[in-house]
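Peer 1: Starting from the given sequences, assemble the full structure and let the hints guide the process.
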Amino acid sequence: MHQQFNVSAEECKRAKWPHEIFLINLIFNHILIFCATVAVIGSFPLLPALVPAISFAIIGYILLKARRIAASKESWFIKAHWQIGARRNRLFMLLLTATCIISVGGLGLSKMLGWGKISTIALIGGVGLLPFMVVLLVLIVLGNESLFMASHGKLPKSFATQNTGAQPSPSGTPQE
Amino acid sequence: MNTERKIYWGIGIISILVFAGSFFAPGKPEDSSALPWHIEHLSPGVTRVFGLTLGLSTTNDAEQRFGEEAKPSLFKSPEGSLVAEMFFEQVVLAGLKSRIVATVAVPEAELHAMYERGLRMSSTASGKKITLTSEDAATVRALPIAGLTYMPAVRISEDIFSKRFGQPTQRIKEKKSGAIHWLYPHNGLDITLGGEEKPVLQYVPPKDFDKLVAPLLKHGEIIK
Numbered sequence: 177m178h179q180q181f182n183v184s185a186e187e188c189k190r191a192k193w194p195h196e197i198f199l200i201n202l203i204f205n206h207i208l209i210f211c212a213t214v215a216v217i218g219s220f221p222l223l224p225a226l227v228p229a230i231s232f233a234i235i236g237y238i239l240l241k242a243r244r245i246a247a248s249k250e251s252w253f254i255k256a257h258w259q260i261g262a263r264r265n266r267l268f269m270l271l272l273t274a275t276c277i278i279s280v281g282g283l284g285l286s287k288m289l290g291w292g293k294i295s296t297i298a299l300i301g302g303v304g305l306l307p308f309m310v311v312l313l314v315l316i317v318l319g320n321e322s323l324f325m326a327s328h329g330k331l332p333k334s335f336a337t338q339n340t341g342a343q344p345s346p347s348g349t350p351q352e
Numbered sequence: 028m029n030t031e032r033k034i035y036w037g038i039g040i041i042s043i044l045v046f047a048g049s050f051f052a053p054g055k056p057e058d059s060s061a062l063p064w065h066i067e068h069l070s071p072g073v074t075r076v077f078g079l080t081l082g083l084s085t086t087n088d089a090e091q092r093f094g095e096e097a098k099p100s101l102f103k104s105p106e107g108s109l110v111a112e113m114f115f116e117q118v119v120l121a122g123l124k125s126r127i128v129a130t131v132a133v134p135e136a137e138l139h140a141m142y143e144r145g146l147r148m149s150s151t152a153s154g155k156k157i158t159l160t161s162e163d164a165a166t167v168r169a170l171p172i173a174g175l176t177y178m179p180a181v182r183i184s185e186d187i188f189s190k191r192f193g194q195p196t197q198r199i200k201e202k203k204s205g206a207i208h209w210l211y212p213h214n215g216l217d218i219t220l221g222g223e224e225k226p227v228l229q230y231v232p233p234k235d236f237d238k239l240v241a242p243l244l245k246h247g248e249i250i251k
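These protein sequence lines map, in sequence, to chains A and B. Residue numbers for the first sequence follow our numbering, beginning at 177 and rising by one. Residue numbers for the second sequence follow our numbering, beginning at 28 and rising by one.
FYI, nobody ran anything at the bench for these hints, they're computed from the structure. Heads up, some of the hints might be wrong.
[Stated by the list, open to error] Quick list of in silico lysine-lysine cross-link-like pairs, PhoX-like style, CA-CA up to 25 Å:
1) K225(B) <-> K202(B)
2) K245(B) <-> K155(B)
3) K98(B) <-> K293(A)
4) K249(A) <-> K203(B)
5) K124(B) <-> K293(A)
6) K98(B) <-> K155(B)
7) K203(B) <-> K155(B)
8) K200(B) <-> K234(B)
9) K225(B) <-> K124(B)
10) K225(B) <-> K156(B)
11) K203(B) <-> K245(B)
12) K245(B) <-> K200(B)
13) K103(B) <-> K155(B)
14) K203(B) <-> K238(B)
15) K245(B) <-> K234(B)
16) K98(B) <-> K287(A)
17) K241(A) <-> K33(B)
18) K190(B) <-> K203(B)
19) K249(A) <-> K189(A)
20) K33(B) <-> K189(A)
21) K287(A) <-> K124(B)
[Stated by the list, open to error] Part of the chain B face toward chain A, derived, beta carbon under 8 Å:
22) I34
23) Y35
24) S42
25) S49
26) A52
27) P53
28) E95
29) A165
[What the hints assert, rightly or not] Listed next, with one range per pair, are the computed distances between beta-carbon atoms:
30) G48(B) <-> K333(A): 43 to 49 Å
31) G281(A) <-> E185(B): 47 to 53 Å
32) K155(B) <-> F220(A): 47 to 53 Å
33) L285(A) <-> I187(B): 39 to 45 Å
34) E162(B) <-> L270(A): 39 to 45 Å
35) Q91(B) <-> K189(A): 52 to 58 Å
36) K202(B) <-> S295(A): 42 to 48 Å
Heads up, the beta-carbon is just placed ideally off N, CA and C, and yes, glycines get one too.
Peer 2: Now the structure itself:
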C-alpha cells in the first residue's frame, strides 16, 4: 500500500511537519481544548469558539505553507508530504465549516423556534458533533499513518504512482 | 526554532494551559431566582417566583426560562370547572430536578370554547383531561400564568421549609388524605406535606390567595 524512497533523515524530519501540526490540532485542540472549554461553558459561553478559531488558523497555515513549498526548491518527498497534508486539511476544513454551520445554525434555530434543551442538544450533538468526532478519530488514524510514512521515507503507493512520473526528485528515487 | 516547531509547541502549551485553567475557572454564578424560596414582591399583591411574575409572565416566558417545552392541557373537574394548564415534565432549577405545572389565566368563556373545540378527552383521577387544538395551545401559551405548582423530585424535610420560609401563618390538615398545608398568605404560597410523600409548593399572587384557601377550609381542619 506504500512505496519506500531513499531519502535523508533531514528530509524525513521536514516531511513530518504537516502531519505533526495536523495531529496536534486534532488531538490537543479538538479534543483537549474542546473538552476544557465545554466544561466551563456555563461561565464562559463563547469559549468553545476558540477551538474552530485555532483550527482554521492552523489549517490556513498548512495550506499556505504547502503552496509555498510546492513552488520552492524543496525535495520532491517533502513536497509530496505537504501536498498530502494540504489535501487532508482542505477536507477537514470543509468538515469543520459544516459542523460550525450546523452548531451555530442549530442554536439560532432553537432560539428562534423556542426549542427545549434536549431537542437542541439532539440536533447539534447528533447531526453536528457526533459525525464530526467520528471523522476526527478516522483522521487521527490517517494522520498517524502519514507521520509514520514520512519518518520512514515512505509515501502511499497510489500517491507515488500518480506523482512520481510528473515530478521526479533527485533524492526521491523509488527503491525496488 | 522554525515556524512549524513554534506552532507545534505553541498549540501544545496553550492546550495544556486551557485544560488546567478549566479546573480553576469560577463556576456559573448561582441564580438565586431559581430557588423555590426566592419570592420577590414587586408591588403589593404581585410576586415573582422562578423569575416569572404571576399574572403577567406568559407560558412562552416560562418555556424560555425553564428551557423546556410545556404540554398544554385543559382539565375538567367533577364539579364541572375548567382549568388550562401547561405541564413541564422535567425542569432543573438550582440543580434540583422538578416538575412544574403552570395554571394559565384563560377567561371563563374562552375556556368553554376551548373545551368545545377539544380534540380528545381522557379520564384522570381528578376529572377529565381534554387535548387542545394547536391554535388553542398557541393561545394558552400567550396568556399570563395565574399560578405555579412546583413538585421537586426529592423529599424535603419540614425543617428545611421552616428554615427557608419561616413558620407558616396557618396549617390546614386535609380530612380525606391527611396531607398538611403550610400557608403563607403574604407570599401567596401553599406547601403541601404528606408524610412520606414529596412536597408540593403552590404559588399564586397573594391577592388570589383566598381562592386557594377556600376549598382547603371546606375539606380540612385548621391545626394551628
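Peer 1: Does each hint hold? Answer for all of them.
Peer 2: Evaluated hints:
Between K225(B) and K202(B), the direct Cα distance comes to roughly 19 Å. Compliance with the 25 Å bound is thereby established for this hinted pair. Restraint check for K245(B) and K155(B): the C-alpha separation of about 23 Å stays at or below 25 Å, so the hint holds. Between K98(B) and K293(A), the direct Cα distance comes to roughly 15 Å. Compliance with the 25 Å bound is thereby established for this hinted pair. The hinted pair formed by K249(A) and K203(B) fails the criterion: a straight-line CA distance of about 94 Å is larger than 25 Å.
Under the criterion of a C-alpha separation no larger than 25 Å, the hint pairing K124(B) with K293(A) is consistent with the structure, at around 14 Å. At most 25 Å may separate the alpha-carbon atoms for a hinted pair to count; K98(B) and K155(B) meet this at roughly 16 Å. Between K203(B) and K155(B), the direct Cα distance comes to roughly 21 Å. Compliance with the 25 Å bound is thereby established for this hinted pair. A hinted pair counts as satisfied when its Cα atoms are at most 25 Å apart, and K200(B) with K234(B) qualifies at roughly 23 Å.
A hinted pair counts as satisfied when its Cα atoms are at most 25 Å apart, and K225(B) with K124(B) qualifies at roughly 12 Å. A hinted pair counts as satisfied when its Cα atoms are at most 25 Å apart, and K225(B) with K156(B) qualifies at roughly 24 Å. As the CA atoms of K203(B) and K245(B) are separated by approximately 12 Å, the hinted pair is consistent with the 25 Å bound. Between K245(B) and K200(B) the CA atoms are separated by roughly 11 Å; this keeps the pair inside 25 Å, and the hint holds.
Distance restraint check for K103(B) and K155(B): the Cα-Cα separation of roughly 5 Å lies within the 25 Å cut-off, and the hinted pair is therefore satisfied. For the hint pairing K203(B) with K238(B), the CA-to-CA distance comes to about 20 Å; that is within 25 Å, so the pair holds. Proximity of K245(B) to K234(B) is assessed by CA-CA distance (about 20 Å); at most 25 Å being required, the pair is judged to hold. The suggested pairing of K98(B) with K287(A) holds, with an alpha-carbon distance near 18 Å, which does not exceed 25 Å.
Note on K241(A) and K33(B): the hinted pairing holds, with a Cα-Cα distance of about 14 Å set against a maximum of 25 Å. The hinted pair formed by K190(B) and K203(B) fails the criterion: a straight-line CA distance of about 28 Å is larger than 25 Å. Taken as a hint, the K249(A) and K189(A) pair is honoured in the structure, with Cα atoms around 17 Å apart against an allowance of 25 Å. Pair hint K33(B) plus K189(A) holds up; C-alpha atoms about 15 Å apart against a cutoff of 25 Å.
A distance of roughly 23 Å separates the Cα atoms of K287(A) and K124(B); the hinted pair therefore holds under the 25 Å criterion. Among the interface hints, the one on I34(B) holds; its C-beta lies about 6 Å from the nearest C-beta in chain A, closer than the 8 Å criterion. Proximity of Y35(B) to chain A holds as hinted, the smallest CB-CB distance being about 6 Å (cut-off 8 Å). Interface restraint check for S42(B): the shortest CB-CB distance to chain A comes to about 4 Å, inside 8 Å, so the restraint holds.
Taking 8 Å as the C-beta contact cut-off toward chain A, the hint placing S49(B) at the interface holds, the least distance being around 4 Å. Because the closest C-beta pair between A52(B) and chain A is about 4 Å apart, less than 8 Å, the hint holds. The restraint placing P53(B) at the interface with chain A holds, with a minimum CB-CB distance near 6 Å, inside the 8 Å limit. About 5 Å separates the beta-carbon of E95(B) from the nearest beta-carbon of chain A, less than 8 Å, and the hint is met.
The criterion of a C-beta within 8 Å of any C-beta in chain A is not met by A165(B), whose closest approach is roughly 12 Å, and the hint is violated. Checked against the hint of 43 to 49 Å, the C-beta distance between G48(B) and K333(A) comes to roughly 45 Å, which is consistent with it. Taken as a hint, the range 47 to 53 Å holds for the pair G281(A) and E185(B), whose Cβ atoms sit roughly 49 Å apart. The hint said 47 to 53 Å for the Cβ distance between K155(B) and F220(A), and at roughly 49 Å that hint holds.
At about 41 Å, the CB distance of L285(A) to I187(B) agrees with the hint of 39 to 45 Å. At about 43 Å, the CB distance of E162(B) to L270(A) agrees with the hint of 39 to 45 Å. The hint said 52 to 58 Å for the Cβ distance between Q91(B) and K189(A), and at roughly 56 Å that hint holds. Hint check: K202(B) to S295(A), Cβ distance near 44 Å, so the stated range 42 to 48 Å holds.
In summary, the structure is inconsistent with hints 4, 18 and 29 from the numbered list given earlier, while agreeing with the others.
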